[in-house]
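Q: Each chain, written out:
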Amino acid sequence: MAMTRTIARTSEWLQPHRIVLIIVAAAIVLACAFLMRWDWLPAYLPLALQGIWRTIWLLVVTAALGITLAIPIGFAQAAGPAFLAVPARVFCTVIRGTPLLLQLWLLYYGLGSLFPQFPWIRESFLWPYLRQAWPYGVLALTLSYAGYEGEVMRGAFAGVPKGQLEAARAFGMRRWTAFRRIWLPQALRRALPTLAGETVLQLKATPLVATITMVDIYSVASRVRQETFVTYEPLLLLALVYMAITGVIVFAFRKIEARIPARLG
Amino acid sequence: MRTLTDIFLSASAAGLAELLAFDPPGWGGNLLRGLLASVGIACGSFGLGLLIGICGAYGKLYGSPMARDLFGLYTTIVRAVPELVLILLLYFAGTDLVNRLLTLLGYAPVDINGLIAGICVLGVVQGAYSTEVLRGAILAIPQGQIEAARAYGMSPILQLRRITLPAMAPYAIPGLANLWLIATKDTALLAVVGFNELTQTTRLAAGATKAYFTFFFAAGVLYLALTLVSNIIISRFERYSRRGMPSVMETR
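Chains X and F are the protein sequences, given in the same order. Quick note on our numbering: the first sequence kicks off at 1 and runs consecutively. Quick note on our numbering: the second sequence kicks off at 1 and runs consecutively.
Quick caveat, the hints were computed from the structure, so don't treat them as lab data. In this text, all values refer to a predicted model and were calculated from it rather than measured experimentally. Glycine included, every Cβ here is placed at the ideal spot set by N, Cα and C. A hint or two may mislead.
Interface residues of chain F toward chain X, partial, derived using beta-carbon atoms under 8 Å [stated by the list, open to error]:
no., residue
1, 85
2, 199
3, 212
4, 213
5, 219
Whole structure, please, built from the sequences with the hints as guidance.
A: Okay, structure coming up:
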């Protein structure tokens, strides 16, 4: 029974035009493999793997830090007093209203040229880190994610039905308990489909850090292009790597979403 | 001991006015020209993206199975690969292809205008997103309206112009507004391939004067102003496209 269903689904998916498309795609892949230059690949493979690892690390760290920042920012806008809501809204507007590249350069070149003017910063234990590029990259990407997600979380917090919160109050939950057990989980559940898309956007923002000398997979590809004068092959491989990571993100979020009951109150 | 404004703006008020002055020792004129270039690219790429989006949405909804799959492939790939990588790929591959085609046809290779290349590249990226936005908007139109247009014997073009586009506008405008804001900010990515738009100009100015904070702040203010002005215009459009529809204000 299950077998026939699988076969039926396969034949539905594998229509004649799809077979043609698959053959064309296979031909293109083979042509790329044999007609293009890939001899540089073994020499740069360790560097590329390191670059992929750096990109994924950057994505995970900034997304995790960003969402931790976004929850209070969203909550302040949805239910906070004005003296918290207004700065949070201004923060979101500024972050969403200016290009990430500009924010990154403002932090890296601006702060980077500012810090050495203070002797006590140069003497502090943080100085060895502040002289490197990655803290600025992480900071810019985190703030950007927090700005976009703060807006998403605002909508999610505001969208939780009032009855749920009243029920929590009626159960005698304290405000913090009600927030932790009722408000936050339901808001996160609402935000989850949007978060998947936003995380893919965050992945697509990571190559910008290559412009401030961080070595992610994008800058490895640029280096290959500069050193070997091979123009297209590194870029094609780069596109493939990003598509694979996107696939993993989408798959992971789908798994998380499937674990959560779908019906919203 | 430096004062705070000195450190943050790397200049006193008089120095600031000098740095941002419109005439050549100051960089204000360059920044505004950069902003104009950015707005120009954003308009062009948004318009091109809208055209691609209308074709893509129609292809995905009413096209042959092959067209559907090809448009699906296009939107999936473009939305999964970073804009920066796409810009490099399309910028180099695109100009290379055009020149090879020209030499094949017996013409001399041309130097492709950076402005047009930028508009085309960002337009292709925008097209993928607007395909999805417009597809959703067309699906949101009550089916009866399109059927009625067919029953009146309207040609597909007339139907698109009179029924589909106006009827889907209120559903499409929020998504398209987002896309417009993304288009204005994506122009900054062209700085990486060396195109002289606002971000690149800012970087040059900052590098030349060493007043990094001043210039990046000034550019940020310009971008923000562009976003806020756009928001005002967009909400006008939205109100216009929603005329005659029931209000959707939430009552909480």
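Q: With a cut-off of 8 Å on the beta carbons, see whether residue 199 of chain F makes it to chain X.
A: For residue 199 of chain F, the interface hint holds, since the closest Cβ of chain X sits about 6 Å away, which is under 8 Å.
Q: May I ask you to test the interface hint for residue 85 of chain F with respect to chain X, counting a Cβ-Cβ separation under 8 Å as satisfied?
A: Hint holds; residue 85 of chain F Cβ to chain X Cβ min 5 Å, cut 8 Å.
Q: Under the criterion of a CB-CB separation shorter than 8 Å, is residue 219 of chain F in contact with chain X as hinted?
A: Since the shortest Cβ distance to chain X is 6 Å, the answer is holds.
Q: Next item in the hint list is residue 213 of chain F. Is there a CB on chain X closer than 8 Å to its CB?
A: 4 Å, holds
Q: Mind checking the CB of residue 212 of chain F against every CB in chain X and telling me if the closest is under 8 Å?
A: Result: holds, 4 Å to nearest chain X Cβ.
Of the numbered hints listed earlier, not one is contradicted by the structure.
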